[in-house]
Amino acid sequence: MDTRRAPAAGVLLRDWRQRRRLSQLALANYAETSTRHLSYLETGRARPSRAMVIHLSTVLEIPLRERNALLLAAGYAPEYRESDLDDDYMRSVRFALDTMLKSHEPYPAFVIDRFWNVVASNRGMTALMDEVPAHLMDPRPNVFRLVLHPDGLSSRLINRGQVRAYFLERLSHQVISTGDADLRALHDEVVRYPAPKDSDESPPDADAMLPSPVQVPLRIRTPDGDMSMFSTMATFGAPADVTLSELAIEFFYPLDEFTDRLIHRLVEHETRSSDDRADSSRH
1005 MDTRRAPAAG VLLRDWRQRR RLSQLALANY AETSTRHLSY LETGRARPSR AMVIHLSTVL
1065 EIPLRERNAL LLAAGYAPEY RESDLDDDYM RSVRFALDTM LKSHEPYPAF VIDRFWNVVA
1125 SNRGMTALMD EVPAHLMDPR PNVFRLVLHP DGLSSRLINR GQVRAYFLER LSHQVISTGD
1185 ADLRALHDEV VRYPAPKDSD ESPPDADAML PSPVQVPLRI RTPDGDMSMF STMATFGAPA
1245 DVTLSELAIE FFYPLDEFTD RLIHRLVEHE TRSSDDRADS SRH
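Under the working numbering, the first residue of the sequence shown carries the number 1005, and numbering increases by one thereafter.
It should be emphasised that the hints constitute simulated quantities derived from the structure, not laboratory data.
Just to be clear, a hint being listed does not mean it is correct.
[What the hints assert, rightly or not] Now the in silico label distances, taken between C-beta atoms and shown as ranges: (1) ALA1138 x ASP1102: 21 to 29 Å; (2) ALA1169 x PHE1099: 36 to 44 Å; (3) ASN1033 x PHE1234: 36 to 44 Å; (4) HIS1268 x PHE1119: 17 to 25 Å; (5) ALA1185 x THR1275: 36 to 44 Å; (6) ARG1040 x ASP1260: 26 to 34 Å; (7) LEU1029 x ASP1155: 46 to 54 Å; (8) ASN1033 x PHE1119: 14 to 22 Å; (9) PRO1082 x HIS1268: 43 to 51 Å; (10) ASP1192 x ASP1102: 29 to 37 Å; (11) SER1053 x GLU1173: 18 to 26 Å.
Even for Gly, the Cβ is constructed at its ideal location relative to N, Cα and C.
Use the sequences and the hints to build the structure in full.
Rendered as structure tokens:
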């Protein structure tokens, strides 16, 4: 029998306050409560009301999943529903995601969950990942593995060191801000990836110093020439569902005309290949 007990609500509140680097006085001021009351809540001398748990969670910007955990620890029912993306309840979300992905073609775009697993993508993404081996695509591709694994895009990145540093910093920040053990495990995995075979680290990222309005562009070497792209990320505003709150859409754009033309050609080739495979399967 597992005799471990879940942390009490006060312990969780204190952990989130410290994770946000706030003193009790600062949080009390933001939450418009007294430092004494907050201290009582954190030490367990007082039980927070349901409204206070939700209020403090909002002030501390705690993710919806962890807000539910905090409510349960305080003895209350969860506030936020957690749905499967395939549920009929999420039909409008799926439609919105499909619309955004298709509208962005031929440029790559994908939808990720809280662990950076790709849950949906468009034809631009398929063309970009055409040479990535199957073991990085199944059962579900993960963005950090796709980019940083020596068998993935890492072997084709011109500015590999620059991209690696940026991605690890991005993941490390998310680990610190969420305290998620699975994200920490992902960070510990990808940080140990070796350099791709035959990679030349000396001098590092010589081509990465090319002028660019973007601090860390994605520069990929291809047989047809070097691609340069940047990305933006979008999330759903005011989510009321845990799953929805953890989805994000990343959109890639070309940084130059050559990349723009090359992406169009790659997607056109992928579309023709896909159509040929479909025709073959029907005969």
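Evaluated hints:
no., hint, result
1, ALA1138 x ASP1102: 21 to 29 Å, "25 Å, holds"
2, ALA1169 x PHE1099: 36 to 44 Å, "37 Å, holds"
3, ASN1033 x PHE1234: 36 to 44 Å, "39 Å, holds"
4, HIS1268 x PHE1119: 17 to 25 Å, "32 Å, violated"
5, ALA1185 x THR1275: 36 to 44 Å, "41 Å, holds"
6, ARG1040 x ASP1260: 26 to 34 Å, "60 Å, violated"
7, LEU1029 x ASP1155: 46 to 54 Å, "51 Å, holds"
8, ASN1033 x PHE1119: 14 to 22 Å, "35 Å, violated"
9, PRO1082 x HIS1268: 43 to 51 Å, "47 Å, holds"
10, ASP1192 x ASP1102: 29 to 37 Å, "34 Å, holds"
11, SER1053 x GLU1173: 18 to 26 Å, "39 Å, violated"
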